[in-house]
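> Kindly generate the complete structure, drawing on both the sequences and the hints.
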Amino acid sequence: GRAGIEWGISGVPETFIVGSDGTVLYRYVGPVVGEAAIAKFRAALVQAGTLKGASGE
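Numbering (the numbering used here), first residue to last: 1 to 57.
These are computed hints drawn from the structure, not numbers from a lab. Errors might be hidden in some of the hints.
Computed cross-link-like contacts, SDA-like style, restricted to lysine to any residue with a CA-CA straight-line distance of at most 25 Å [what the hints assert, rightly or not]:
hint, residue 1, residue 2
1, Lys40, Gly22
2, Lys40, Phe16
3, Lys40, Thr23
4, Lys40, Gly11
Restraint-style ranges between C-beta atoms, simulated for each label pair [what the hints assert, rightly or not]:
hint, residue 1, residue 2, range
5, Gly34, Arg2, 30 to 38 Å
6, Glu35, Gly1, 27 to 35 Å
7, Arg2, Ala39, 29 to 37 Å
8, Gly34, Gly1, 26 to 34 Å
9, Glu6, Glu35, 29 to 37 Å
10, Ile5, Tyr28, 16 to 24 Å
11, Arg27, Arg2, 12 to 20 Å
12, Pro31, Gly8, 17 to 25 Å
13, Trp7, Gln47, 13 to 21 Å
14, Arg2, Ala36, 30 to 38 Å
15, Arg2, Ile38, 29 to 37 Å
16, Asp21, Ala43, 14 to 22 Å
Built from N, CA and C at the ideal position, the CB exists for glycine as well.
This is how it looks when you write it as structure tokens:
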């Protein structure tokens, strides 16, 4: 739909981490599988201020 065009989504699945100010902090194209993908998400969430540390605590 229109939101997909505005966000530049090219296919599914795509996952975004969006900051509190509405900026896209991280975009991941493809299925979120395995520790490498989860580690990238954790790092982006820490950067966004959502997690206090890489452990998620």
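> Look at each hint and say if it fits the structure.
Outcome of the hint check:
no.: 1; hint: Lys40 x Gly22; result: holds (20 Å)
no.: 2; hint: Lys40 x Phe16; result: holds (12 Å)
no.: 3; hint: Lys40 x Thr23; result: holds (17 Å)
no.: 4; hint: Lys40 x Gly11; result: holds (20 Å)
no.: 5; hint: Gly34 x Arg2: 30 to 38 Å; result: holds (33 Å)
no.: 6; hint: Glu35 x Gly1: 27 to 35 Å; result: holds (33 Å)
no.: 7; hint: Arg2 x Ala39: 29 to 37 Å; result: holds (33 Å)
no.: 8; hint: Gly34 x Gly1: 26 to 34 Å; result: holds (30 Å)
no.: 9; hint: Glu6 x Glu35: 29 to 37 Å; result: holds (32 Å)
no.: 10; hint: Ile5 x Tyr28: 16 to 24 Å; result: holds (19 Å)
no.: 11; hint: Arg27 x Arg2: 12 to 20 Å; result: holds (18 Å)
no.: 12; hint: Pro31 x Gly8: 17 to 25 Å; result: holds (19 Å)
no.: 13; hint: Trp7 x Gln47: 13 to 21 Å; result: holds (20 Å)
no.: 14; hint: Arg2 x Ala36: 30 to 38 Å; result: holds (33 Å)
no.: 15; hint: Arg2 x Ile38: 29 to 37 Å; result: holds (31 Å)
no.: 16; hint: Asp21 x Ala43: 14 to 22 Å; result: holds (19 Å)
In summary, the structure agrees with every hint in the numbered list given earlier.
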